[in-house]
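Taken in order, these protein sequences are the chains called A and B.
For the first sequence, position 31 matches number 31 in my numbering, and the numbering has no gaps at all.
For the second sequence, position 129 matches number 129 in my numbering, and the numbering has no gaps at all.
Just so you know, the hints here were simulated from the structure itself, not pulled from any lab data.
Incorrect hints may appear among the rest.
Claimed, not checked - Heads up, simulated BS3-like pairs for lysine-lysine below, C-alpha to C-alpha not over 25 Å straight-line:
| no. | chain 1 | residue 1 | chain 2 | residue 2 |
| --- | --- | --- | --- | --- |
| 1 | B | 182 | A | 7 |
| 2 | B | 3 | A | 103 |
| 3 | B | 198 | A | 2 |
| 4 | B | 3 | A | 101 |
| 5 | B | 96 | A | 7 |
| 6 | A | 170 | B | 3 |
| 7 | B | 182 | A | 2 |
| 8 | B | 7 | A | 189 |
| 9 | A | 223 | B | 3 |
| 10 | B | 224 | B | 57 |
| 11 | B | 224 | B | 234 |
To be verified - Here are some chain B residues pointing at chain A (derived, C-beta under 10 Å):
| no. | residue |
| --- | --- |
| 12 | 17 |
| 13 | 101 |
| 14 | 279 |
All C-beta atoms, glycine included, are put in the ideal place defined by N, C-alpha and C.
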Amino acid sequence: MKRFLEKFSTHFILIMVSLLSIFPFIWLISTSLKGNSENIFAYPPAIIPKDFTWANYTGVWHRVDFIGYFVNSMIVAGGTVLLNLILSAMAGYPLARMEFKGKKIAFFSILATIMIPFQAIMLPVYLVTLKLHLVDSVSNTAGFIGLIMPFAVSAFGIFLMRQAFLGIPKEMEEAAIIDGCSVWQLFWKVLIPMVKPSLAVLAIFTFIGSWGEFLWPSIVLTKESMYTLPVGVNNLQGMFSSNWRFIAAGSILSTIPILIFFLAMQRYFISGENEGAVKG
Amino acid sequence: MFKYYGKWAPYLFLLPAGLVLLVFFFIPFFQTVYLSFFDYSSSIYHPAAVGLANYVKLFHSPVFYKVLWNTFLYLFIAVPILAIFPLFIAILINQKIRGVTLYKILIYLPVIVSIVVAAIAFKWLYADQGILNYIVALFGMKPVGWLTDPDWALYSVIIVTIWKGIGYYMIIYLAALMSVPKELYEACDIDGANFLTKHLTVTIPHIMPTIALVTTISAISAMKVFAEIYVMTKGGPLNSSKTIVYYIYERAFENLDLGYASAMAVVLLAIVMAFSLINIFCFERNKYQL
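One chain only, chain A, in its complex shape (with noise of 0.2 Å):
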């Protein structure tokens, strides 16, 4: 009986605590869902629509071009991650496996690129890209590498990625040099492929980071066509004041992609055994 209790409780606190997680999403979906003729701000309030039409949907889609918001934040987030694999693997090679002059000092300077939160630095770091012309003014695609560079690299990535090089036995490394590799020939075709698991790991969460950054976009861009899907979306509230059934259905569209990544992906956000993926 006592475990009974127990047990049940447990379900009781977990359903609730699951509810209150999704049900500012419920409640969102099911203000998209409901038609012109229905009073959005009915008391008692209706969970199910009823007045039910995708008019909403079909509406907000012809207005707002959310394939192209979509396809710009395709194009940051890959950029980013792409740039984030490569730039945190190279630097993370030598920081765990090689001696030279100054390693300390590398060492120490990434560490405490930590310490320096985006948000301290954000207007040097507007000032910097605008000198480098990496602004959509000048073209979309320096718009888009002006997006992308302020993260291609980070100390958690590099970390990271010297963590999963100082796990790989050395005998590994010897062989393949008394074969015959350079240690160009060695990084790439020996030991990225042993650090894929770290790999996939830091493609994922710089992938959701990436995908989901506001402030930064919201400071460079200046096009609506260069609209990343945050940006865009916060642009529903303006255009469509207070339309709430249309910024509603806005907000739930923009958020199909993301959904779908984390349900394909889940085991690697919820199963826990990524403890070093821990961003601070």
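Given the structure of chain A, go ahead and fit chain B onto it with the hints provided.
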């Protein structure tokens, strides 16, 4: 082991990442400090070197104290809740029960959804005639101006930050809980210890380092909140929900008061660096050992 690489190899490997960090971290870092000694408020093209005047102005400005106070309120409220509540949830999930994966997915969902969408969803819950005020009315109370009443706005925004963080810290705790030896729990069960004693005597002492880590991580991220405020309140009403990053953004990019904004950024830097140092030297030492 024999040295198989050339003298320059390590530097060449480090070069690309080093360049990016130099241009987008170190130069901006020093420039932030440098800019804070200039006054841009009279002319954006001809700034005047003013020494510490921006800092003097900052520390005499009531708005700055308000903003700083708001940021620390954010910290004092969000951090303890984010350090304790996800641990409680993780302990509940870390049992042999059905539906664990589903619970984890649902509770983690807010973490992956864009903060902009989350803020919009909450703005809708907080609407004047919205669903939250309906619940308030059920209890016979007057409707609350969640985002329009200066006494409430900051707390309403903090709730969003907490709601979005629970799943993230829960997963960190779950990983830590796996390392607690099962035998200790079995011993507790034999002794007939109840839920509370079991976790107070076994779990908490074992995962103390993780609790400390979560505390500093959540403190650092509480110092950096921006999107929630930008989307929901723009810092208003009457600066009541304005925190330091939002104020820097407003000063730098809306008022173009670069010097003043930079002085504030230096204050933010100092606070975050203090937290990070605690984090690096006390809790993540093994991760960052040369």
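Each hint, compared with the structure:
{"no.": "1", "hint": "B:182 / A:7", "in the structure": "holds (19 Å)"}
{"no.": "2", "hint": "B:3 / A:103", "in the structure": "holds (16 Å)"}
{"no.": "3", "hint": "B:198 / A:2", "in the structure": "holds (16 Å)"}
{"no.": "4", "hint": "B:3 / A:101", "in the structure": "holds (14 Å)"}
{"no.": "5", "hint": "B:96 / A:7", "in the structure": "holds (10 Å)"}
{"no.": "6", "hint": "A:170 / B:3", "in the structure": "holds (12 Å)"}
{"no.": "7", "hint": "B:182 / A:2", "in the structure": "holds (21 Å)"}
{"no.": "8", "hint": "B:7 / A:189", "in the structure": "holds (21 Å)"}
{"no.": "9", "hint": "A:223 / B:3", "in the structure": "violated (52 Å)"}
{"no.": "10", "hint": "B:224 / B:57", "in the structure": "holds (23 Å)"}
{"no.": "11", "hint": "B:224 / B:234", "in the structure": "holds (15 Å)"}
{"no.": "12", "hint": "17", "in the structure": "holds (4 Å)"}
{"no.": "13", "hint": "101", "in the structure": "holds (7 Å)"}
{"no.": "14", "hint": "279", "in the structure": "holds (7 Å)"}
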